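Trainee: Protein chains in written order, with the numbering used here: chain A, 204 to 530; chain B, 1121 to 1383.
Among the clues, some could well be false.
Stated by the list, open to error - Coverage of chain A stretches by chain B, computed from C-beta distances (three or more under 8 Å per stretch; other residues unrestricted):
no., segment
1, 264–277
2, 308–322
Stated by the list, open to error - Derived CB-CB ranges, DEER-like:
no., chain 1, residue 1, chain 2, residue 2, range
3, B, I1135, A, K328, 20 to 26 Å
4, B, T1127, A, N254, 40 to 46 Å
5, A, K222, B, Y1364, 24 to 30 Å
6, A, I348, B, T1127, 20 to 26 Å
7, B, Y1364, A, K328, 39 to 45 Å
Since the hints were made in silico from the structure, they are not lab data. Note that the structure is predicted; figures quoted are calculated from it, not measured. Positions of the beta carbon are idealized from the N, C-alpha and C atoms, including for glycine.
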Amino acid sequence: MTAEHEYPIVVEGLTKVFKPTRRSKLPEKVAVNDVSFHVRKGEIFGLLGPNGAGKTTTIKMLSTLLIPTSGSAKIFGMDTSGGDEKRIREMINLVSGGERGLYYRLTGRQNLRFFSNLYNIDGNKQDALIEKLLEIVKLTDAADIKVEDYSRGMKQRMHIARALVNDPQILFLDEPTIGLDPEIARDVRSLVRQLADSGTTIMLTTHYMYEAEELCDRIMIISDGRNVGYGTVAELKQMVSDTNIIEIVTSDDPHDTVSKLLTERRFVHINTERIAGRYCTRVQLKDDTDVLSEFDSLFSGYGIRKIGYDEPTLEDIYLSLVGSDEH
Amino acid sequence: MNIKAVTSSFRQQGIQFLADPQWIIPSIIAPFMFTVVALYMYSGGGELDSPIVLTAVLGGGVLGMWGNMLFASGFTITYDRYNGTIEPIMMTPTHLIDVITGRSIWNALIGLLNAILVFIFAELIFGVGVSVSEPLFFFPMLALTLFSLASIGLMLSALFVLTRASFVVMTILEFPIYVFSGALFPISVLGKLEPISYILAPSWGVDAMKTAAVAGHESITAFGIYFDVAVMILLMVIYIAAAYILFGVIERNIRNSGTLVRY
Ligand SMILES: Nc1ncnc2c1ncn2[C@@H]1O[C@H](COP(=O)(O)OP(=O)(O)OP(=O)(O)O)[C@@H](O)[C@H]1O
Ligand SMILES: [Mg+2]
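Taking the hints into account, I'd like the entire structure generated from these sequences.
Mentor: This is the structure:
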């Protein structure tokens, strides 16, 4: 196997600077700053980061929609802005989350036919292809309904079908499950898994940590355009192995104590979530000092149901990597 | 060029056009109103004699074709930008210009229909149908004029991709074409501005049509209809070449600034 087939995506020193436009008078914006990574064939690679981190910009540079300011993005060894765009475009596709990106006045089938033609797919192969795609995304029954009458979930599945018309070897997914109900989101995830199992290389962005943890073989976390963490979930967890995580489940809202703790500088992050009528507070310490008894008394007034150290989740890692960059 | 993309875009434009009844306004009502107004203006309340009627009716036809071209080519790309479909198109190996070409041809066809409707209105309502002295020339000329409008439309739609003010541009461009194409009055009236007419292919088409329709009409040049046709085809080639270059430049610009999705 040659290098470009083992690593269909190779990114080196990728940088995108948006120049201020005459009209907007915005300052120059470094959206992606010297990012390097590679993606293996058949891998699901996750790109995580807060809003405005540069995820979409990165994906657009990889999918030939944007030209990098410096550095390079190579798809199967071809530069995404080096004159081979047409060949690259034949092999890749992109799904963006959200409502936009389909012709509302056309039916699902007409949308798929239009895009099959843009990929110059043989006329006599189109019917079978479209039928197959509709089946994959479970839209066979809705094929002849106009997209304007589709639900959000149906539109999102139609997006995926659209992105599969050229049987892409690399599929970019920019927040593919945004705004979907849990069941449809799960369907989408299992479809992504299936595609990867059949050899499609996948790069996805998401704001849902459990989704990234469930799907991704490797992850890159970016913040403010820069790489702040890169590796397998296990490797990323290694990065925070020298810190303790305490989880306290209480019956009452420990708001007062949490806000007091927030003023101290001993923690990477603290957050409380309400789960099934209980309050679950997670605290990540900056080191591995033992604070169990201290917290036991701090939270005793709220009716502790459970307290103890916990393994770091991807969310803990994310918050510590992205958070430490902010402060 | 991806022929399948062109024909598919043609069909898609047709389906979308027919799905949206508001097109009736620029396509049918506007040229009709224009013809009525022009007929009254030219007749001055008096007799509707042949050359004048022809100018009005041709004017109405050209208005229908041109208005349709402008609105349709400006609107379809704007629609793609609002709709978020321009990126999925750019993602494909097909050049955006192929898609726009297919749509422009549909728009041109609708334009042709507009022109025919104007002739029918003129006949039905005023009983002043155009009697064409040389139909063998007139109708091919009508079609050629139409495609010359389509090729200007193609070039302009390249600019529409870049501008966020498509509708303003459309409105600004609509009127000058009526004036400079010679559809409303002879371009010799324009004086120093006359050369502008010569770079608009439709001027030559209108000239050729008048020459074909009215016995005794004097062509812009002494060379007559064949010269008109030659110039028109040459201009069309130039427009289309310019459109190709513009689309290339625009794709580069968009890929640098990312302004494609900001509107
Ligand atoms: N075309 C553009 N011109 C100028 N600035 C831009 C442009 N596109 C994006 N940006 C800026 O670049 C930065 C990165 O944006 P990007 O869309 O890549 O973030 P993101 O990680 O995808 O965020 P989100 O999670 O909100 O989708 C942001 O600050 C954004 O405002
Ligand atoms: Mg984004």
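Trainee: Now tell me, hint by hint, if it's right for this structure.
Mentor: Hint check:
1. 264–277: holds (count 5)
2. 308–322: holds (count 9)
3. B/I1135 <-> A/K328: 20 to 26 Å: The hinted range 20 to 26 Å holds for B/I1135 and A/K328, with Cβ atoms some 22 Å apart.
4. B/T1127 <-> A/N254: 40 to 46 Å: 42 Å, holds
5. A/K222 <-> B/Y1364: 24 to 30 Å: Cβ of A/K222 to Cβ of B/Y1364: about 26 Å, so the range 24 to 30 Å holds.
6. A/I348 <-> B/T1127: 20 to 26 Å: About 24 Å separates the Cβ atoms of A/I348 and B/T1127, which means 20 to 26 Å holds.
7. B/Y1364 <-> A/K328: 39 to 45 Å: Once the Cβ atoms are compared, 30 Å apart, the range 39 to 45 Å for A/K328 and B/Y1364 is violated.
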